[in-house]
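Chemist: Here's the letter readout for the chains.
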Amino acid sequence: MKGRAVSRNRHLVGWVLASPLSLVLMTFLMAPIVMIVVVSFWGATEWSIYPAFQFDNYEFLLTSDVTYRVFLNTFKYAAITWACTLLIGFTVAYYLAFHIRSLTWQIALFLLCTIPFLTSNIIRMISWIPFLGRNGIANSTLISMGVIDEPLEWLLFSDFSVILAFVHLYTLFMVVPIFNTMMRIDKSLIEAAADGGASGWQTLWHVIVPLTKPGIMIGTIFVVALVMGDFITVRFMSGSQSANVGRMIQNDIGLLQYPSASATAVILLITVLMLIGMMLRFVDIRKEL
Amino acid sequence: MNHTIDLELISLTKRYGATVAVDAISYHFSAGTYACLLGPSGCGKSSTLRMIAGHETVSDGAITLGGRDISSLTPAKRGTAMMFQNYALFPHLSVLDNVAFSLTMKGVDKGKRHARAKELLELVDMTEMADRLPAQLSGGQQQRAALARALITEPEVLLLDEPLSALDPFLRIRMRAELKKLQRELGITFVHVTHGQDEALALADEIVVMNDAKIEQAGKTRSVFDAPKTAFVARFLGSHNVVAMPEGLVAVRSDALKVTGDTAAKLPGTITNIEYQGTHVALVAAIPGDQEVTALLSDKDFFDNPKNVGEAIGLDWEAEAAHALAG
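For the protein sequence lines, the chains are F and P, in the order given.
Residue 187 in the working numbering sits at position 187 of the first sequence, with consecutive numbering throughout.
To get the working numbering, take the position in the second sequence, counting from 1, and add 1000.
It cannot be assumed that every hint is accurate.
[As the list claims (entries may be wrong)] Quick partial rundown of chain F residues pointing at chain P, CB under 10 angstroms, derived from the structure:
| id | residue |
| --- | --- |
| 1 | Ala79 |
| 2 | Leu189 |
| 3 | Ala194 |
| 4 | Gly197 |
| 5 | His206 |
| 6 | Gln257 |
[Claimed, not checked] Only pairs whose alpha carbons sit at most 27 angstroms apart, straight line, appear in this in silico DSSO-like list of lysine-lysine:
| id | chain 1 | residue 1 | chain 2 | residue 2 |
| --- | --- | --- | --- | --- |
| 7 | F | Lys213 | F | Lys76 |
| 8 | F | Lys187 | P | Lys1181 |
| 9 | P | Lys1214 | P | Lys1181 |
| 10 | P | Lys1106 | F | Lys213 |
| 11 | P | Lys1220 | F | Lys187 |
| 12 | F | Lys213 | P | Lys1110 |
[Claimed, not checked] Rough simulated footprint, nothing fancy, chain F against chain P, three-plus residues with beta-carbon under 8 angstroms:
| id | stretch |
| --- | --- |
| 13 | 1067–1076 |
| 14 | 1088–1100 |
| 15 | 1104–1116 |
| 16 | 1145–1159 |
In case anyone wonders, no lab produced these hints; they're calculated from the structure.
Quick reminder that beta carbons are idealized off the backbone N, C-alpha and C, glycines included.
Bound-form chain F, shown alone (with noise of 0.2 angstroms):
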């Protein structure tokens, strides 16, 4: 008997232990979540919303040619930005983790690399323009050095602008899941494979990068996730000349279009979970977390 009521008051204070986090996590990420499903059935006039159960707001978004230019554009800027983070990631990580001896002046050089952090992303962002800009700093001091007799066009509101933005705001997350992982690699591992005869770049490529990849696995998340939702960063420098889905989501927004908006962010949020789920195919992450 007593036996029992234990084992019922131990299931009883399971529940209860996790509730506060299920609670959370209902509140704040499933019903979202399942809102956006439900209104992206929901039908549209020019002046208002009504509840439906209607496809055409999928009909619409899979039929137009728009859409699919858009997502392929958001794709091109995370596939850029993600090879553009990777390499530069990779390198710092590196850098911290292999070539600087002490743990002291790796935590400094660590820190440093967070420090533009402390300003508002749109801040940094928007510090670019003066920087890139018809007369700004880059064209007058190419000019002034005779590189270029003309400004350079394409180096503010361009898909060049844009890409720097998310390689400048972004790289960091791609550093510190790299520079974690490279962190618990055995050094006498790195002496193991001189001792087997390799050479720099063969240790790279036979240990290294093979020992890293659940940090790149998480970096890569990180930094897809960013990209693919972002919209801020495409609209500033871009000047709004390029659209990628998030671009696409707030404009229905503006034009208080919700159910064409919910109805582009399940096709989005299904976008990047395949991505995610695709990439967790190929490496285990569980033991990094």
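With the hints as your guide, set chain P onto chain F.
Modeler: Structure of chain P alone, referenced to chain F:
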């Protein structure tokens, strides 16, 4: 035995800033020797090994192998191979690929390198584990895999950095027998770093006892154990009593001490503890000058003439059993 591949350290020095980790040590390892570098932690034995391996730069002096100066070569070009303390197996590679690693780096094709790796795994009796990952192996199996990986480079000298310290005591004794057997079969030089004197005595043909960045004493294991030159060596090797006598410090082996009833012996003493050890009985006695000595008696000798704690005894030894110590 091939004397062209002797390993020699010539006033080898390692400095880290102002600290001297290894202070101008010289020693000659004949080819095919099982040598142990023995000493307390921080004595410079690991730095010495790592300099021989090429994982630490040489501050001064030279290392020669077979007459050729290897002190500035890369680890792989030295003809040495190292077995690391924690084995340092690549966690993402199977045992087979771990063993074949150096061949992969050389660009040997897959069939050939796997065939060779399998031979090595056979040598260390690990054939069935070839497809496992290091994390799926026990400590002893990891050690065998690491041995096979080191041996595939066909080294002339195998360097072992505290290879048995990660194992439990039971396995340690088994693995040390296997190390010794392997060394006999291969006939190459083994240089083994350890802080355990029993391990060194059990394995080594020659021991090099190090303390404070210097070699305290080196030579054939038995001659070092039988005639320690300094108090440090006598204490570190164990089974010795270091006694301050009027003529100076001497070392006397515990089993060379004779316990007599009379007080005419070399030293009077009082028994403070008696420890039964199965085959032997250890008698601890306090002697003048606030010193303590241990006498190891065979169980027969003791029980023929039993003693009690607190009893006054005389301690005696043959004149040739005592070794005068420096310092």
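Chemist: With reference to the structure, classify each hint as holding or not holding.
Modeler: Each hint tested on the structure:
no.: 1; hint: Ala79; in the structure: violated, 26 angstroms
no.: 2; hint: Leu189; in the structure: holds, 5 angstroms
no.: 3; hint: Ala194; in the structure: holds, 5 angstroms
no.: 4; hint: Gly197; in the structure: holds, 3 angstroms
no.: 5; hint: His206; in the structure: holds, 7 angstroms
no.: 6; hint: Gln257; in the structure: violated, 50 angstroms
no.: 7; hint: F:Lys213 x F:Lys76; in the structure: holds, 23 angstroms
no.: 8; hint: F:Lys187 x P:Lys1181; in the structure: violated, 30 angstroms
no.: 9; hint: P:Lys1214 x P:Lys1181; in the structure: violated, 30 angstroms
no.: 10; hint: P:Lys1106 x F:Lys213; in the structure: holds, 24 angstroms
no.: 11; hint: P:Lys1220 x F:Lys187; in the structure: violated, 35 angstroms
no.: 12; hint: F:Lys213 x P:Lys1110; in the structure: holds, 24 angstroms
no.: 13; hint: 1067–1076; in the structure: holds (count 3)
no.: 14; hint: 1088–1100; in the structure: holds (count 5)
no.: 15; hint: 1104–1116; in the structure: holds (count 3)
no.: 16; hint: 1145–1159; in the structure: holds (count 3)
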